[in-house]
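Trainee: Assemble the complex: chain A is given as a structure, and chain B must be docked to it using the hints.
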Amino acid sequence: MVALYAVAIIFEDNKETTVMKALSKLLVTVVPLALVFGCATTDKTAGGDEDMAGAGAETEIVTPPPSVTEDTMGAEAIAAPGQDGGFMGDPLDDPDSLLSKRVIYFDFDRSEIKDEFRDIIEAHGQYLAENPGVRVVLEGHTDERGTREYNMGLGERRAKSVRRYMSVQGASFSQMDVVSYGEERPIAMGHDEDAWAENRRVEIVYPGR
Amino acid sequence: MELQNLKHFIKLWALLAALLVSAGGQAALTIEITQGVQGALPIAVAPFKWEGKTAEPPVKIGGVIAADLHRSGRFTPLPVADMLSRPNESSRINFGDWRILGQEHLVVGTLRELGAGYEVRFKLYDVFRATQLTGYSIRTSGKRLRLTAHQISDIIYETILGEPGAFATRIAYVTEIRDSAGVRNYSLQVADSDGFNAKPILNSRHPLMSPSWSPDGARLAYVSFETGRPAIYIQEVVSGKRVLISHYPGLNSAPAWSPDGERLALVLSKGGNPDIYILDLDSRKLKRITRSFAIDTEPVWSPDGSAIVFTSDRGGRPQLYRISIRDGKVQRLTFEGRYNARASWSPDGKYIAMVNGDRGKYRIAVLELASGAMRVLTDTELDESPSFAPNGSMIIYATEIGQKGVLSAVSVDGRVHQRLMLQEGAAREPAWSPYMQ
Numbered sequence: 367m368v369a370l371y372a373v374a375i376i377f378e379d380n381k382e383t384t385v386m387k388a389l390s391k392l393l394v395t396v397v398p399l400a401l402v403f404g405c406a407t408t409d410k411t412a413g414g415d416e417d418m419a420g421a422g423a424e425t426e427i428v429t430p431p432p433s434v435t436e437d438t439m440g441a442e443a444i445a446a447p448g449q450d451g452g453f454m455g456d457p458l459d460d461p462d463s464l465l466s467k468r469v470i471y472f473d474f475d476r477s478e479i480k481d482e483f484r485d486i487i488e489a490h491g492q493y494l495a496e497n498p499g500v501r502v503v504l505e506g507h508t509d510e511r512g513t514r515e516y517n518m519g520l521g522e523r524r525a526k527s528v529r530r531y532m533s534v535q536g537a538s539f540s541q542m543d544v545v546s547y548g549e550e551r552p553i554a555m556g557h558d559e560d561a562w563a564e565n566r567r568v569e570i571v572y573p574g575r
Numbered sequence: 003m004e005l006q007n008l009k010h011f012i013k014l015w016a017l018l019a020a021l022l023v024s025a026g027g028q029a030a031l032t033i034e035i036t037q038g039v040q041g042a043l044p045i046a047v048a049p050f051k052w053e054g055k056t057a058e059p060p061v062k063i064g065g066v067i068a069a070d071l072h073r074s075g076r077f078t079p080l081p082v083a084d085m086l087s088r089p090n091e092s093s094r095i096n097f098g099d100w101r102i103l104g105q106e107h108l109v110v111g112t113l114r115e116l117g118a119g120y121e122v123r124f125k126l127y128d129v130f131r132a133t134q135l136t137g138y139s140i141r142t143s144g145k146r147l148r149l150t151a152h153q154i155s156d157i158i159y160e161t162i163l164g165e166p167g168a169f170a171t172r173i174a175y176v177t178e179i180r181d182s183a184g185v186r187n188y189s190l191q192v193a194d195s196d197g198f199n200a201k202p203i204l205n206s207r208h209p210l211m212s213p214s215w216s217p218d219g220a221r222l223a224y225v226s227f228e229t230g231r232p233a234i235y236i237q238e239v240v241s242g243k244r245v246l247i248s249h250y251p252g253l254n255s256a257p258a259w260s261p262d263g264e265r266l267a268l269v270l271s272k273g274g275n276p277d278i279y280i281l282d283l284d285s286r287k288l289k290r291i292t293r294s295f296a297i298d299t300e301p302v303w304s305p306d307g308s309a310i311v312f313t314s315d316r317g318g319r320p321q322l323y324r325i326s327i328r329d330g331k332v333q334r335l336t337f338e339g340r341y342n343a344r345a346s347w348s349p350d351g352k353y354i355a356m357v358n359g360d361r362g363k364y365r366i367a368v369l370e371l372a373s374g375a376m377r378v379l380t381d382t383e384l385d386e387s388p389s390f391a392p393n394g395s396m397i398i399y400a401t402e403i404g405q406k407g408v409l410s411a412v413s414v415d416g417r418v419h420q421r422l423m424l425q426e427g428a429a430r431e432p433a434w435s436p437y438m439q
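Here the protein sequences come in this chain order: A and B.
In short: position in the first sequence from 1, add 366, done, that's the working numbering.
In short: position in the second sequence from 1, add 2, done, that's the working numbering.
If you're looking for bench data, these hints aren't it; they were derived computationally from the structure.
Fair warning: this is a prediction, and the values are worked out from it, not measured in the lab.
Ideal Cβ placement from N, Cα and C applies to all residues, glycine included.
Some clues are possibly wrong.
[Unchecked claim] Which chain B residues stay away from chain A? Per the calculated CB distances, all over 12 Å, these: (1) LYS51; (2) PRO305; (3) PRO349; (4) ASP350.
[As the list claims (entries may be wrong)] If you want a taste of the chain B side facing chain A, the calculated C-beta under 7 Å gives, among others: (5) SER271; (6) SER294; (7) ILE297; (8) THR313.
If we strip away everything but chain B, and leave its shape as in the complex, we get:
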């Protein structure tokens, strides 16, 4: 549509959100857009009217929404200072004000304090047609106010673009911070998709790896070295309750949840070298899926659960292979580049993102399964761990910038780039959550 006419990229370098932390050494994430699309849609999000006892609202809902839309790379929100009027959802809109400013859409709203909790009301207008496209009234709690704002962003995004947003989601990632004595401290963190509310769910002096979300977004499987060797745990994100899932001799790694949530694909080397297994979480029955003398690892499920794509060096170098769960048939998927590993399957099943190594550079690439076309999306050199957003629009991954591990995100078409900066230490192994239930 509009985006297809775009010929080149522009750099925005806009610092959007700074996450800060109160106490407890929580890691802080900042997200900036390093490359957006030219011709992103102009939209005005008027500051939400505040009806409450305090002078300032607990959360600036309009600001959160504008930041979300901006971060997607698909919208350019109008700065509040440039607005000629600041209507709310009960105002009569003077559409002429917004047409003069070249705005295509307008969001207005009110945040009202109730006896217990809050009510958020908003309306989305098409400025040129002077019509309301959608409007909601949402009851929420103080704790969920930011989440409500992200949900509104999702509604706006989907109403205008016709595809779902992924703002009301979270990301898990691992941080490594060296203390003054040089001791490494590892932490498994969960943050909102805009980098706010980062909270550790596990701290350790030993490496943590490979977080994988359950399909309902309530639990994370991960690898911890806390016993001195790799073991797989499953932890409930909210309660912190966890269970040891796999602790065989040798490797226990690369857990990946099946789409139905009942099984875990994982990698064990108890059979002599790393192979893919499937563990039934209920019966605890283990089924071996691959049997080779190579390193078979990094399994990911197809969205329909019928196949697994994994990394194997059975052909001499790491490449991606697909195995059918039903009949065990194996098919090689990647041929371009010496090194293709760590697949992430897009939620619609059409694409596979991976780490593509070529001439000493490791970058994020996407394979379109139908055509077999490969496309390298990034220009950095040490990219790792791609993970699709649940709406398939962006791929989050880890890379090195200025000798530091950072998280970045790129759109599937390569047009939008974001960087997520940790205030302290290094971040890696991001995993984008599914839609929260």
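Next comes chain A alone, as it looks inside the complex:
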């Protein structure tokens, strides 16, 4: 289900600007990706949401208190308020939603998405797909080791890795900005593995929220 949707969206996005050759190439790469990720997702969500909480519970990004703007009003309508007696309003503001998790962590010098973060990225990707007016900034960060300019490249690669995964969920590239800060904006100031692990991250930032 997810896989098919993703393929369709990407296909459509590129239709106007890309030649057939490129399209068929895209299909070849996107379909297997979507299938693999789609399957992984189903298995994972079946395991329950609690598993996900382990990922960086102590490093939650503090976002400004939610403000109701015209944009969020629009999103509310789509968000099926009050479903199963839960949260009323935009799911972005629901503290129990996967959407409240907005930091993805990485291994040293790597940019692959780790299994435990797929559900979070999928939730954001699907939310963006359902709310085409919403934009997001994906901020790529690294730990302090290595050189600053290489880390700028690595931070961008991590953010693009998240962007690609979200796009497979149906989010449009035009909704997602990528910014790399390299090692310039650490969260943890220490010089040990714990601090480094916290700093190797992509932050999913909804501007103004």
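Mentor: Just chain B now, with coordinates in the frame of chain A:
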């Protein structure tokens, strides 16, 4: 020569210069020699005679020169208190006084106040031959007095050692200071090579990165995040006038000036991932130099402008590669260690300094291009951003000491180590200026 017989190092731990700042929160730098060479040349710099209206001279010229020579690690100046006499440049020198003290060279001089400005006269003597090696009379202004002292240090250094000094140069670096509210304040600073006269040329709440000097020393290119994303600017150091040079989507980073000053190598990711480009500053024409799916970054020009060395992880891990500007041929340069990045090319073209990562430690290493020999120069763990002095004698770099970002310098042979301490906050990304024109 003399230095080759040396067998081991000594630690001097001499605090040399403390830079202080009047107002305006300017960052203060202190330079100390943490390791010098045994057998550094003994030299006596007599206090310069002061001929002026005030009791004290505006600048203690002899003190600045002695500190310069000491900081180079190649000289051990005689403490003034140990001197038996204090001649100036018009005195008759009693060479016996200096031979007894084991001094090989003697510097004497006078600072004279003129109607407008100052005159500095000095002489350098070979004590054992009892001959004058050189002597100058220099007209200067109050503002340039310290610079004049550094120029004299350069003359002395070159006369005795036969290679140019780099005292009359500057360093640019980035500071980060957290205020009481925890807000990060970034500043691009320019200081004299001895840490004095540190002045911010840009303050920002957003990260600043990668300062790169123009070959004439008049301008700096750098990366600023002030728009929310990285962009490259060029700023005139004296006037503060600046222009936005590159603001494409994605990365705009790692600017590096070509030796002729007409082009800027830079890194853009607008093509999908970070690649090296060359921007012609006059025509604003952009030429793509590398084309890979890897991270290609941190370009530096060869001194003759024919090639660029850059960092790339095209082989799986970051290593240094060299690309010919003429035919685009690429050659891998580094093979030792898992991580070799951020090259700095020595002014004579013979060496490449870099960050060498091995077993979790990131240190400054030097590659001799002719032999391919690699040599690790430092013993710290988080070294970054090496930058050669314009005479090739020292490499300045950033490191962490006691959880704090500091600047350090090491000689190319690894024998001399200096540390430059900021009074407040962290310093990083040093760039040693070319010779000032």
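Trainee: Which of the listed hints are broken here?
Mentor: Hint 6 alone not satisfied by this model.
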